[in-house]
Amino acid sequence: MSATLVKEPETRRPGELGPRELARWAWRQLVSMRTALILLLLLALAAIPGSIVPQRDVDSLKTSRWQEQHPTLTPIYERLGLFSVYDSPWFSAIYLLLMVSLVGCIIPRSLVYFRAMRAAPPDAPRRLTRLPDHATYKVDQPATEVLARATKVLRRRRYRVTTSEEDGWVAAERGYLREAGNLLFHLSVLVVLLGFALGGLFGYRGGVIVLVGGGFSNNLTQYDDFVPGSLFDQTGMEPFSFDVDDFDIEWLTEGRAQGQARSFVSHLTYRTDPGAPDEEYDLRVNHPLAIGDTEIFLIGHGYAPVITIRDGNGDVAYSGPTIFLPVDPTFRSFGVVKAPDARPTQIGLTGEFYPTYDFNDGPYSLFGDALNPALSMTVFTGDLGMDNGTPQSVYVLDTDAATQVEKADGQAFRVDLAMGSTVELPEGAGSVSFDGLERWNKIQISRTPGKFVALGGVVLALVGLLASLFIRPRRVWVRARAGEGGTLVEVAGLDRSGNGDVPAELAVVAELLGLVRAEPDERTNQRVGGPT
Amino acid sequence: MTDADWETLSNQAIAAAGLVYFLALLAHLVEWSSLRKVSTRSVSASVPVAAGGVSTPPGDHATVGRDEGSRTAMFGRLGVLLTGLGVLVHLVGLLARGLAADPDRVPWGNMYEFTVSGTFMIAAGYVLLVRRFAWQWLAPIVLTVVLSLLMVSVIWLYSPVAPLTEALYSPWLVIHVVSAVLATAAFTLGGILSVLYLVKERRPATTTGYLARVPELRQLDQMAYRLHAFAFPVWTFAVLITGPIWAHQAWSSYWNWDPKEVWAFITWVVYAAYLHARTTAGWKGRRAAYLALLGTATLWFNFIGINYFSTTSQHSYASAPAVEQAVDLSVAPSVPPPGQLSGSS
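So the protein lines, in turn, are chains V and X. According to our numbering, the first sequence is numbered sequentially starting from 1. According to our numbering, the second sequence is numbered sequentially starting from 1001.
These are computed hints drawn from the structure, not numbers from a lab. A few of these clues could be false.
[Stated by the list, open to error] Simulated restraints on C-beta separations: (1) 45/V to 1133/X: 31 to 39 Å; (2) 391/V to 1309/X: 30 to 38 Å; (3) 1133/X to 57/V: 45 to 53 Å; (4) 1001/X to 407/V: 51 to 59 Å; (5) 416/V to 1174/X: 45 to 53 Å; (6) 1206/X to 112/V: 43 to 51 Å; (7) 1174/X to 110/V: 37 to 45 Å.
Note that beta-carbon positions come from the ideal geometry of N, C-alpha and C, so glycine has one too.
Next up, chain V with everything else stripped away, as it sits in the complex (with noise of 0.2 Å):
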């Protein structure tokens, strides 16, 4: 699909070009190999700065810490889409030119490669000698004789064959399946990306954290972080629900790789809906369990402590199960607490838990396992800030109008608590109490429409792929015809993907029709490498 300008008439300036002419320029630019290749490079490179560049999509928290961090390069990057590279639209540009491109390039081969898979091999050329790879040899045998023997080595070889009495040659040809799997991998590149697009498109991906022993069920509002695709419809979302009812893990208490946990199994009772009978499944990493099209996955876990406040008043102004999360392997966990309801004032706690509490310089946490827990958390007083209206996150605490519980000292005050026991805040303030351990599941939950389709096409990609890249597609002709002392015999050759090995096989057809060399320091010529 070589690029060739239009030709323009004579009327015109030179150079000048009609709307249509300009058209149809432009659509051979698109749909040349060399714009293909460029579109390639060019892919490669712009999704390059989406594995440098904090992704929202992928990390949403670590891209917001980057843009705090780096507060003047933040608009400049907003504006050029650095944030989510791949659905911005340079990316799409580039993809969907590739696209069009590439049906622009497949639809004429098909077409071609249609009329070429029913045409004979072409006939010989008058001279074989001007081919690059051909050989010549003298034999005894008469030529029609050299010519059957020809016609059956090669047909035993796969070629498709024709023969010309009259002017004394063998055509063949082989290999017209290259061009099919060649045809096949570009369409599922389409395939492949129609299963991706109907996936972001109509797909969704949500978590949410559930206590061992508690529930959930299959709606928006029971998600903690939902990211639905652009056509994403709620009203198709399976109605299933799921128990969390036991949560088994067994740590590693030697060994190398002591404190490391593995075989992580969540117990989950779930119906796939409302009226549905309950079923159990096992659910582990690697194993998700499938709803219809929903799949569940198990994809992080951690403790809530029970934690009770009570306020000035001696009124329980919080108690629960709080969800805290953990900052490393050991299952140190962080976690705020909020009791706005406490009076006089609302209280606040925010600080950290450990599962196997210990002290050395500092608080931290021997093990992941809850052998010792314990929780160390600071206190504020006064105003969170939840009154006003805006929406916060559980797990930050808004000090700004808070003032922070200080001992008579000074010192900040630290709730220190080992499990089952109660501190009371300095001034009568209330108090806090450490009643119970609880653990919680982190649940994926996604529906990924057209996986298969994009699976299916991948494969096919690959069948194809493998077709255009190890058949090679080959003519080789023979010709003989009576000389001086004999027969005179030419072999000549042509691979048609300009990487196969021509003088290899015309050995193998030469030796197979019985040919010695007429001139033995004769070479075949071999094409020297270089651009051609």
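Given the structure of chain V, go ahead and fit chain X onto it with the hints provided.
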């Protein structure tokens, strides 16, 4: 034997393999240095090049004095023999590494293990095919590459045997990693041949020294192409079929634009461009070699380089020493807690 014994054995075997490879390299260097002043012209002129065959292997010492010739040939054989021995010791190191883990597993859990496995594949592939393809001339290069990668892995990438994280217990570990390492090995070899092509292209007519015994340009080009043509479908299988299937099972989404995935994709695109340029635009020789080298660069950047640029990768086996383990004090509920079970593969 206890796991600790196996681990010691593995470390010793890898060190020993490195030593044996070094001796093999020395043997080949002796071979090549004594061939340094010998012209290939007389040799190649008297031996007709078989059509499509491989050009003068260094074993042709027709013009070398009889003593010198046999000595050179002996060192050549010694080199191959030592390389074979090195491969066996290397294999012991790999097996012991797998047995040192509890439970026993394939030794493909971290960068050190990948590199040790990858170098093993290169060395074993070379030893198995050296006779068939007359690859004697490749010996110094293969040994240098294997040796330096082994040194890199022992010095910088080493990490003690540890059980895999939960997400790695999957049959896909075997399939995905083997195909990725295999493709990487073949691409790397193809890259080396492309470098050789570019070097030889500057002095194509040289008749002495190492370059003269490297196959002619056309064959170098073709061999490079074949290696790439082999590696590309394997790479496609690794990063676009098995990778997404596993990612879907473990991380709930088959394509996450994870930095490793992005760079695997970039590498795929660059090599696709290479094959595309060769088959349709007729690029051969120098221009194709440059594209191949671009591919090699992205491939290795993906394996090692990207670890230093991005800390968000879920391929956490690759946490580079300089990269602090990013620990998120999650401030928004929309963030998966870092206590992820599946945080690595």
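Status of the hints after comparison with the structure:
| no. | hint | verdict |
| --- | --- | --- |
| 1 | 45/V to 1133/X: 31 to 39 Å | 36 Å, holds |
| 2 | 391/V to 1309/X: 30 to 38 Å | 34 Å, holds |
| 3 | 1133/X to 57/V: 45 to 53 Å | 47 Å, holds |
| 4 | 1001/X to 407/V: 51 to 59 Å | 58 Å, holds |
| 5 | 416/V to 1174/X: 45 to 53 Å | 48 Å, holds |
| 6 | 1206/X to 112/V: 43 to 51 Å | 44 Å, holds |
| 7 | 1174/X to 110/V: 37 to 45 Å | 39 Å, holds |
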